[in-house]
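Chemist: So the chains spell out like this:
There are 2 protein chains.
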Amino acid sequence: MTTRREALEMIGLATGSLLLCSCAGQALSGGGGAAHPAMAENQSPDFPWPYEKLDPEACAERAYQGFLKGHCMYGSFYGIIGELAEKKGAPYNTFPFKMMNIGAGGGAGWATLCGALNGSMLVFTLLDKNPDPLVDELFGWYQKEALPNYRPQKPRVEIAVTSISKSPLCHASVSRWCKAAKVKSFSLERDERCAWLTASVTKKTVEILNARMDNTFKSSYPLPNYVKECRSCHDKGGMIENTRGKMECGTCHSNADMGAEHPKI
Amino acid sequence: MTTRREALEMIGLATGSLLLCSCAGQALSGGGGAAHPAMAENQSPDFPWPYEKLDPEACAERAYQGFLKGHCMYGSFYGIIGELAEKKGAPYNTFPFKMMNIGAGGGAGWATLCGALNGSMLVFTLLDKNPDPLVDELFGWYQKEALPNYRPQKPRVEIAVTSISKSPLCHASVSRWCKAAKVKSFSLERDERCAWLTASVTKKTVEILNARMDNTFKSSYPLPNYVKECRSCHDKGGMIENTRGKMECGTCHSNADMGAEHPKI
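These protein sequence lines map, in sequence, to chains A and B.
Here my numbering runs 34 ahead of the position in the first sequence, where the first position is 1.
Here my numbering runs 34 ahead of the position in the second sequence, where the first position is 1.
Errors might be hidden in some of the hints.
Said to hold, decoys possible - Residues from chain B shown here face chain A by an in silico Cβ test under 8 Å; the list is partial:
#, residue
1, 123
2, 126
3, 128
4, 155
5, 277
6, 278
To be verified - Residues of chain B clear of chain A, computed beta-carbon distances all greater than 12 Å:
#, residue
7, 122
8, 241
9, 260
What the hints assert, rightly or not - Straight-line distance between alpha carbons at most 30 Å, and here's what the computed DSSO-like set of lysine-lysine pairs gives:
#, chain 1, residue 1, chain 2, residue 2
10, A, 200, A, 122
11, A, 163, A, 178
12, A, 200, B, 270
13, B, 252, A, 200
14, B, 270, A, 270
15, B, 213, A, 298
16, A, 178, A, 122
17, B, 178, A, 103
18, B, 87, B, 262
19, B, 252, A, 103
20, A, 213, B, 163
21, B, 103, A, 270
22, B, 262, A, 213
23, A, 188, B, 270
24, A, 213, A, 270
25, A, 200, B, 121
26, A, 178, B, 216
27, A, 298, B, 216
28, B, 87, A, 270
29, A, 298, B, 200
30, A, 213, B, 270
31, B, 270, A, 178
32, B, 298, A, 213
33, A, 188, A, 163
34, B, 200, B, 188
None of these hints come from the bench; they were simulated from the model.
Note that CB positions come from ideal geometry on N, CA and C, so glycine has one too.
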């Protein structure tokens with residue numbers, strides 16, 4: 035069923051499309067993997083930096099220690115690039131690692147993108163010439179997996195409870211775990227959970243990078259069917275095409291919120 | 035009014051607190067600006083990199099050109115660090131700028147943190163020893179300002195419509211603008227809007243950095259009162275304390291969604 039408002043929006047969108055049709059064929063920054071053709075000139079022989087296979091658990095331990103020094107984003111980034119720096123020296127040891135401290139709490143405490151994911155995303159882009167499918171795999175895994183699933187060798191406290199975030203966002207990830215574990219969001223136990231989570235994300239990131247090196251990488255976390263259904267109207271090529279993204283939709287949007295006319299999700 | 039579920043949750047939280055009380059006083063990664071004491075050892079004399087005042091409009095133009103090469107996160111980062119690299123050389127020109135390409139579309143198209151904000155957040159942390167208040171100012175401004183508010187000298191198409199994102203997330207920012215402008219999310223016009231937005235964010239970032247250099251920086255975008263009200267129960271020190279973050283709450287949470295027992299927002 036189409037509401038009056040939706041119909042009006044569609045007319046508006048169609049008008050917009052007409053205005054834009056003269057631009058067809060020009061470069062657009064479309065989906066995640068789509069690139070401006072002009073980006074090609076932005077590749078140089080020394081980029082991305084070379085990767086050699088690492089031990090996922092060694093990197094997870096380094097990430098845990100990194101978390102204690104610089105939080106989640108620093109932890110996942112230092113867990114891998116720091117490991118390469120120790121083994122290989124330059125260029126890895128030239129990186130200003132401390133800048134990653136800012137990713138704590140989803141970016142200076144704003145609870146947007148999980149800092150461990152932000153750090154690993156930057157690891158992928160620094161080490162792989164086609165990082166988008168690797169990010170898709172990591173973020174897709176993070177949304178669906180019961181985490182944390184890595185216990186460091188010397189934890190500050192034990193973490194017995196796991197949760198499924200249904201989102202790559204710090205806010206949803208932290209709150210779902212707090213609810214499952216029945217502990218406060220600014221407790222040591224939640225902080226330790228995020229340290230274990232950082233180690234878990236780092237281990238998964240290294241496993242993905244190693245599979246890429248072995249030419250055995252394949253996506254195991256495609257978009258859920260119901261998200262594909264939402265996207266069939268709202269994303270690229272859909273009738274409405276008024277959004278973008280790959281996050282779970284139902285984490286923020288609910289049937290109660292969208293009204294009776296919208297198809298149930 | 036407290037529902038049965040809320041009461042049960044509070045009992046659970048209280049139990050969790052008791053379990054944790056023996057750990058009181060240990061380092062916690064609390065709010066955005068809170069740091070592990072251990073982080074102190076993570077500061078070296080050559081970090082952060084020195085900043086000298088830049089021309090906001092020159093950086094905005096560089097950011098716009100950067101967007102055309104490497105999207106939003108690359109644009110805002112290169113707009114400022116690239117400008118310093120051209121003026122000063124090392125260490126700025128040693129940075130592997132191309133890694134920032136991955137921030138496109140809120141991180142490989144996932145529509146999480148706006149890439150222009152992610153890039154600017156990393157600029158702040160690379161150039162300032164206390165970047166959290168600067169990030170708060172930029173993100174707070176982004177949530178409330180009608181954007182884009184900077185027109186580059188040679189745009190690909192004209193962008194006449196602005197919108198207020200009410201969120202630092204790419205998904206909300208893009209969809210609100212698409213609705214206001216009545217154009218599709220994968221159109222050239224939306225892409226150009228994001229290019230102008232990247233330039234706008236870069237200009238604001240430089241203005242903040244310049245104010246910091248002049249010792250005139252002060253926060254102009256505190257948390258909205260209703261967000262403070264939500265946090266009084268749900269964030270650090272609140273009765274429930276089951277979340278963290280500084281994003282607008284009502285962008286995702288609605289009265290319809292939260293049920294009749296929850297106070298209206």
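Chemist: Each of the hints needs a verdict: does it hold here or not?
Modeler: For each hint, the structure was consulted:
{"no.": "1", "hint": "123", "result": "violated, 15 Å"}
{"no.": "2", "hint": "126", "result": "violated, 11 Å"}
{"no.": "3", "hint": "128", "result": "holds, 6 Å"}
{"no.": "4", "hint": "155", "result": "holds, 6 Å"}
{"no.": "5", "hint": "277", "result": "holds, 5 Å"}
{"no.": "6", "hint": "278", "result": "holds, 5 Å"}
{"no.": "7", "hint": "122", "result": "holds, 15 Å"}
{"no.": "8", "hint": "241", "result": "holds, 18 Å"}
{"no.": "9", "hint": "260", "result": "holds, 17 Å"}
{"no.": "10", "hint": "A:200 / A:122", "result": "violated, 37 Å"}
{"no.": "11", "hint": "A:163 / A:178", "result": "holds, 26 Å"}
{"no.": "12", "hint": "A:200 / B:270", "result": "holds, 23 Å"}
{"no.": "13", "hint": "B:252 / A:200", "result": "violated, 37 Å"}
{"no.": "14", "hint": "B:270 / A:270", "result": "violated, 39 Å"}
{"no.": "15", "hint": "B:213 / A:298", "result": "holds, 22 Å"}
{"no.": "16", "hint": "A:178 / A:122", "result": "violated, 34 Å"}
{"no.": "17", "hint": "B:178 / A:103", "result": "violated, 34 Å"}
{"no.": "18", "hint": "B:87 / B:262", "result": "violated, 34 Å"}
{"no.": "19", "hint": "B:252 / A:103", "result": "holds, 28 Å"}
{"no.": "20", "hint": "A:213 / B:163", "result": "violated, 35 Å"}
{"no.": "21", "hint": "B:103 / A:270", "result": "holds, 22 Å"}
{"no.": "22", "hint": "B:262 / A:213", "result": "holds, 21 Å"}
{"no.": "23", "hint": "A:188 / B:270", "result": "holds, 27 Å"}
{"no.": "24", "hint": "A:213 / A:270", "result": "violated, 35 Å"}
{"no.": "25", "hint": "A:200 / B:121", "result": "violated, 45 Å"}
{"no.": "26", "hint": "A:178 / B:216", "result": "violated, 34 Å"}
{"no.": "27", "hint": "A:298 / B:216", "result": "holds, 25 Å"}
{"no.": "28", "hint": "B:87 / A:270", "result": "violated, 41 Å"}
{"no.": "29", "hint": "A:298 / B:200", "result": "holds, 26 Å"}
{"no.": "30", "hint": "A:213 / B:270", "result": "holds, 15 Å"}
{"no.": "31", "hint": "B:270 / A:178", "result": "holds, 27 Å"}
{"no.": "32", "hint": "B:298 / A:213", "result": "holds, 22 Å"}
{"no.": "33", "hint": "A:188 / A:163", "result": "violated, 35 Å"}
{"no.": "34", "hint": "B:200 / B:188", "result": "holds, 28 Å"}
The structure is inconsistent with the numbered hints 1, 2, 10, 13, 14, 16, 17, 18, 20, 24, 25, 26, 28, 33, although it conforms to all the rest.
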